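Chemist: The primary structure of each chain is shown beneath.
2 protein chains.
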Amino acid sequence: MAFFQTMNNIAILGYGNIGHAAEQALKNSIDLTFTGIYHHSDFSSLLADAKAGKIDGVILSTPTRAVPEYAAELLKVGISTVDSFDIHTRIPQLLSDLMPLAKAGKAVSVIAAGWDPGSDSVVRCLMQALAPQGITYTNFGPGRSMGHTVAAKAVEGVEDALSMTIPLGTGIHRRMLYVKLKAGADAKQVEQTLLKDDYFAHDETHVVFVDDIRSLNNVAHGVNLVRNGVSADVHNQRLEFNMTINNPALTGQVLVSAARAALRLKAEQRYGAYTMIEIPPVYLLEGETEKWVKTLV
Amino acid sequence: MAFFQTMNNIAILGYGNIGHAAEQALKNSIDLTFTGIYHHSDFSSLLADAKAGKIDGVILSTPTRAVPEYAAELLKVGISTVDSFDIHTRIPQLLSDLMPLAKAGKAVSVIAAGWDPGSDSVVRCLMQALAPQGITYTNFGPGRSMGHTVAAKAVEGVEDALSMTIPLGTGIHRRMLYVKLKAGADAKQVEQTLLKDDYFAHDETHVVFVDDIRSLNNVAHGVNLVRNGVSADVHNQRLEFNMTINNPALTGQVLVSAARAALRLKAEQRYGAYTMIEIPPVYLLEGETEKWVKTLV
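Just so you know, the protein sequences line up as chains D and C, in that order. All the letters of the first sequence, read from the start, carry residue numbers 2 to 298 under my numbering. All the letters of the second sequence, read from the start, carry residue numbers 2 to 298 under my numbering.
Bound conformation, chain D alone (with noise of 0.2 Å):
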């Protein structure tokens, strides 16, 4: 297909974890071109290479509050952008904000593609089709949150934390909260300080309190996505999706799977701002359509 041959050069902007999980399966791909991985405070270099022709799609690795300004930015000049913003409620705001940059600037955007929201949107997605009565559940974990995780760090006495989420059911979870504490530090102070916090007030909170937190570390996570619905007339239709993952690992791979469907419909001059629900699956694997038509279907 002509666009693999002629604009398939991927930089990634970023140096995380999923940056780096990013570059390796960009290096794995054969059909899409690693030009580089930028650190975010050097965008102006990354961005004086996209103008100068060299870069046809950019993977936003930056901190997600950072994606909606780097994303316009490289719209505007025609390149097209991935990215794994996570903050649910802004997905909608953050697609109509880019929609009008990207058709613009004749570019692709796919936002929010990571596992969750991203392929897990799919199989929510999906589940819908098959049963459009119903609940589903997403149940996280066990594994770590990031966002937990910063929230616990940045309260007074404590040095080092680590937030797990567990998953009890029906969308309920547990958070399991490490904490090391500062010299000095008033352990029930910290604790109560930490359960009144509004990111643990409204979970079932444990907090443990530990002498070392690196020594807990692993980026495993996983999902287990349950929906019972009726399809037709029938109740009853159990659908279940179940990850135990590397988490940066998979995130990354998305993002890759995700540039590669961006640059097949600038290709198709579809340009515009996509969640992945709205981009056709196959879009996101490498090669001719009829190779997965013959070996997936």
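Take these hints with a grain of salt, some might be off.
Note: identical chains are not told apart, hence a pair may lie in one copy or across any two.
Derived DMTMM-like pairs: lysine to aspartate or glutamate, alpha-carbon spacing no greater than 20 Å straight-line [stated by the list, open to error]:
| hint | residue 1 | residue 2 |
| --- | --- | --- |
| 1 | K295 | D98 |
| 2 | K181 | D198 |
| 3 | K104 | E291 |
| 4 | K28 | D234 |
| 5 | K189 | E160 |
| 6 | K181 | E160 |
| 7 | K104 | E269 |
| 8 | K295 | D87 |
Hints were generated in silico from the structure; no laboratory data involved. Just so you know, these numbers come straight off a predicted model, no measurement behind them.
Place chain C on chain D using the hints.
Modeler: What follows is chain C alone, placed relative to chain D:
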């Protein structure tokens, strides 16, 4: 959306379990109008109604071998079709046969839209995108295999039969073959003939003689799709999809969801033939994309 107001009349060809489930699913939808269910011997009436402009799309719930001809006839006169054609090896051929007809007729055909092929194909595609290296196993059942049941019924000495597919993992299946003998038939000889039949010779098959097949009847089925693969350079990414479902109800529901997608693709003038992995998942759902971005992404 305009297409919901102007061209949403769906008819069904085929009076079986799946046709009736599709009728129920159509009646439950708020955006599609059920215009009638036709016996496949009455195809000429359906064609007349379609030519008279009363029908925009047809759900083909006929025997699978009859699908290619009915679809071709309808696409030629500009009527969109959906089917759950399930002979996996012939799907690429059907796709390429219907493609020019659909384009010429300015219509859309969604083929192989059941649960396997169909929604399972979408899950396999998504799993491939999440972990590009690895093996996906499709484990069917427990549930009735129509093909094997029909083959067993054709054997001399068999009055009635039911072949159940039992998953043994890694895509290997056991056949539990329940047989009611004709009066005077030799059980040993019937069993030997069955075990030599091409449908049963390659799998572990157990023949169980019973007095009554109807009392075993159950349209439940299921699948376990499992992939252990590699994301970026990280191995042991574990992905799994499970269903336990009423088979005709799910197939009928998927056909209706696919009919919705066909009308939407037609409204966008994206004429042609598609499998489900080539369709944006949100096109399967009723109502505005914006609503689903908000609730599912």
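Chemist: At most 20 Å between CA atoms: does that hold for K181 and D198 within a copy, between copies, both, or neither?
Modeler: Answer is within: at 17 Å inside a copy they meet the 20 Å cutoff, but 68 Å across does not.
Chemist: Is it within, between, both or neither when you check K104 against E291 at 20 Å Cα-Cα?
Modeler: between (29 Å within a copy, 18 Å between copies)
Chemist: Please work out whether the CA atoms of K189 and E160 approach to 20 Å or closer within one copy, between two copies, in both situations, or in neither?
Modeler: Intra 15 Å, inter 77 Å, cutoff 20 Å: intra-copy only.
Chemist: If the cutoff is 20 Å on CA atoms, where do K28 and D234 land: within, between, both or neither? Let me know, please.
Modeler: between (48 Å within a copy, 10 Å between copies)
Chemist: How would you classify K181 and E160 at a CA-CA limit of 20 Å: within, between, both, or neither?
Modeler: Intra 6 Å, inter 73 Å, cutoff 20 Å: intra-copy only.
Chemist: Should K295 paired with D98 be assigned to within, between, both, or neither, using CA atoms and 20 Å as the limit?
Modeler: between (38 Å within a copy, 15 Å between copies)
Chemist: For K104 and E269, with the copy left unspecified, which applies at a CA distance of at most 20 Å: within, between, both, or neither?
Modeler: Answer is both: 13 Å inside a copy and 17 Å across each meet the 20 Å cutoff.
Chemist: When no copy is specified for K295 and D87, does a C-alpha distance of 20 Å or less occur within a copy, between copies, both, or neither?
Modeler: Answer is between; shortest inter-copy Cα gap is 13 Å, intra-copy 34 Å.
Every hint, counting from the list given before, is met by this structure.
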